[in-house]
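**Student:** First to last, the sequence lines map onto chains A and B.
Going letter by letter, the first sequence gives residues 257 to 522 in this note's numbering.
Going letter by letter, the second sequence gives residues 6 to 533 in this note's numbering.
I should point out that these hints are in silico values taken from the structure, not numbers from a laboratory.
Each residue gets a CB set at the ideal place from its N, CA and C atoms; glycine is no exception.
A hint or two may mislead.
[Unchecked claim] Here are the in silico distance ranges between beta carbons for each label pair: (1) B:Leu143 x A:Leu268: 51 to 61 Å; (2) A:Val366 x B:Leu308: 31 to 41 Å; (3) A:Leu268 x B:Asp256: 36 to 46 Å; (4) A:Arg263 x B:Ser213: 54 to 64 Å; (5) B:Leu50 x A:Asp437: 55 to 65 Å; (6) B:Thr259 x A:Arg277: 32 to 42 Å; (7) B:Leu143 x A:Trp430: 37 to 47 Å; (8) A:Leu293 x B:Arg260: 33 to 43 Å.
[Unchecked claim] Okay, the calculated bits of chain A under chain B, using three or more residues with CB under 8 Å as the criterion: (9) 315-324; (10) 385-395; (11) 417-426; (12) 429-438; (13) 443-457.
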Amino acid sequence: VPLRVRRAAALLWPSARALPRVPLTAAGALAPLLALLAVRVDPPSGQWLLTVLRVDALVLCVGAAFGLDDTAAVSTAAAPTPLLTRRLLRGAMVAVACAGPWLAALGLAVREPLPAGTTLPLALLTLEAASLLACTLAIAAGVARSAHLNAPGSTAASLLLGAVTASALLPSAWSPWIPLDQAERWARVQPWWAIVLLSGLGWFAWWSRDAYQPGQRPRGRGTSRPHRLDPGVRSPVQRLHRLDAGRADGRVQPGDEADQCPDERR
Amino acid sequence: MSPPERPDPGPIAGMLSARHASVAAVVWQLAKVETRRLIRHPGVLAGAALSLLTMVISTWNEAPVLHRDSIGASGALLILAGGALLAANGAVLRPNRFELEEHFAALPTPTPARILAHVWSMLAPAGLGTLVLVSYLLFLAAGGSVGRPRLAELLVGPAVVALGVALGIALARWAPAPGVAPLVVVSMAVVLVGLPLLSAGSSADGPSRWLLPFVGLYGEPPELQHRPSGWHLAYLGGLVTVAAVVALLRDRPTRGTLTVAGLAMLLLTTTAAAQLREPSAAERASNLAPYVGAGRVERCERLDGVSYCAFPTYRSWIARWATAVRPVVAQLPQAAGSSLPTVRQYVPVDPTLEPTPRPWDVRTDLSWGHRSGEPPFRQSLTIDFAVAAVGLPPRGTLIKAPPGGRPGGAIDPATGVAGICSAVGQARSVVALWLAGQADPALAADLPSRLGGAAMPWFGNQVVAYAQQLLEQARDKVGRRVRKHWSELTDPVTGSDRAVILLGLRPLRGSEPPHTLEPGAGDLPRCP
């Protein structure tokens with residue numbers, strides 16, 4: 257078994273215990289409850305069920321926005337396991353936690369008889385929900401990275417709600433939320449949702465990189481000032497690497513100051 | 006060394022005892038800080054921007070009616086209320102996030118004083134909401150609005166925003182967990198938007214909906230609704246106070262807090278009871294009296310030989326209606342001038358199934374389009390006026406079906422009254438469609454699709470094809486022929502085959518399909 261897999265397996269239980277339970281549990285309970293109340297409307301129309309399922313997805317994503325909240329982030333930042341691995345593990349667990357309530361809501365919705373010729377596009381709805389979840393995790397990771405927050409959940413959830421509200425105000429031709437009776441637009445919007453899903457996952461991974469890579473100059477807020485004052489500061493290991501590279505390409509000649517990188521000569 | 010400068014004690018500190026005055030001074034200082042922070046919170050600013058955007062977008066294509074749009078605008082402030090709820094919740098949870106509770110516990114200022122400062126900060130988003138509302142109303146007024154906004158309806162918006170802040174504070178006190186506030190916002194959005202839509206027409210569509218923080222119009226004009234907006238505003242005041250008191254009750258309650266809680270509950274129950282009272286039949290009748298029946302209050306004007314009658318509030322719309330009617334009137338002969346139909350404004354109340362007396366009015370209701378939304382309204386009125394000008398019953402007219410007709414989908418079996426009739430094969434139908442089409446090139450290009458629906462006379466395909474033939478010819482030439490043979494062409498007994506001869510049309514072969522709207526429905530009665 258590769259080391260990474262073993263390391264991830266070892267992290268599984270501690271990461272699961274560190275997940276914020278209140279928002280995930282509350283969202284997981286609320287989503288099927290809303291679906292249950294919605295199907296009690298007599299008779300529920302297809303469009304109504306579609307809207308309720310979309311609200312369910314939003315509720316689950318609001319809970320998932322808190323999935324990256326980690327009060328121990330300061331301590332775990334020093335762990336050898338990369339942040340990306342820990343975040344992917346958390347993201348996967350959040351997705352699994354959302355999948356159950358989502359399937360329950362879908363199950364409640366499909367049990368309801370709809371008018372003839374009306375069917376809920378369940379696969380496309382699930383794609384919508386997955387894309388929204390990926391975007392939510394990406395927003396949370398982006399907030400955590402840019403604002404140096406250990407608990408980006410509140411900000412991410414607020415941003416998500418604002419973004420969804422703003423998207424609801426778009427003209428109907430541009431709206432990503434297609435009504436049930438526009439079957440031809442459902443087929444057209446499907447690749448776009450897939451692109452959103454992949455982009456969301458991509459941004460989630462990008463924003464989950466460790467802030468400081470080995471050998472990389474620290475960047476970001478609060479780290480630029482010392483380096484601006486003294487650009488020559490580098491780690492000893494990096495200095496050796498650069499010296500080797502200078503010797504290899506002939507920039508460092510015998511008799512040069514051997515302990516100085518070529519671009520550090522003053 | 007000079008003594009340190011004492012902070013500003015605030016406006017009410019002078020009225021209190023020394024102990025309370027010192028707390029009031031601290032609350033005043035904290036309230037100023039929290040107010041500044043809350044008003045600059047991205048959630049509040051984004052909520053205000055999205056609220057304004059919602060107001061503008063939702064009425065962009067509608068002619069502005071201030072007493073109607075002010076209600077919708079108050080509803081749009083629900084978005085700001087959601088943002089304010091999240092912001093206030095985050096502000097109260099700030100010590101939790103940074104683990105400062107223990108540090109605050111060592112300070113002489115008690116927690117309720119800090120919470121009270123948060124409560125006072127609600128004035129800032131509420132004020133921002135008022136600013137957004139006023140900006141929107143100025144925008145509407147600049148676009149030629151009618152009516153006057155109702156103050157109580159307007160103030161509901163800022164009150165809902167204040168309620169959002171109070172709820173955010175109470176949630177942070179009683180459920181200080183992350184994630185609770187956003188989930189509450191989504192749930193409340195579902196309840197506030199979904200519940201009234203779901204309960205429309207059901208038993209829950211009664212006065213109990215006024216227990217929600219905001220009650221919209223849901224498509225019905227405000228003139229026809231019983232809206233206890235003054236009571237509702239007071240009810241919201243009670244809700245805000247109760248939510249604020251609930252936040253304060255997390256700590257050991259003082260006598261003052263309990264007194265305010267009691268008064269707030271009294272206000273809440275009194276105003277809730279006042280809202281739940283069903284209006285009596287007499288009250289409903291008196292509300293409707295200025296709009297229906299003999300007691301209707303209207304102002305009439307005569308333009309280009311046509312009478313336009315509008316409710317006093319909507320009088321300035323007459324000029325808009327005239328733009329739809331004028332091109333039709335321009336093609337009518339002098340002889341038709343004495344019998345031109347009147348364009349009259351109606352409220353969309355349930356029809357009483359009484360046949361409408363002749364001469365038929367051309368009906369227009371309490372809405373009209375604006376910007377890109379105006380052409381469909383104008384074209385509908387053009388068609389209706391052209392139809393009525395040739396003597397056919399226009400949209401919305403009820404006619405008495407002739408005896409012996411087979412009752413079906415179009416005829417009420419009990420009363421024999423129909424809301425649609427057949428104008429198939431009549432010369433005047435061809436003239437009506439040409440009059441409408443020549444008035445608006447966009448309408449002429451889209452004529453067949455504009456004649457669908459069950460609320461028009463049923464023209465049939467042949468009549469539409471003849472009208473399209475006429476529209477392809479020179480307008481002046483056709484106009485001269487129509488005016489020359491006006492009385493014969495508009496006679497109900499003149500058939501379309503005679504119109505072919507009089508107007509120089511190419512005759513079409515084939516017969517018309519039966520005049521039914523749907524399989525199994527009876528024949529449509531012939532238009533009188």
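**Student:** Determine which of the earlier numbered hints do not hold for this structure and return their numbers in increasing order.
**Tutor:** 2, 5, 7, 10, 12, 13
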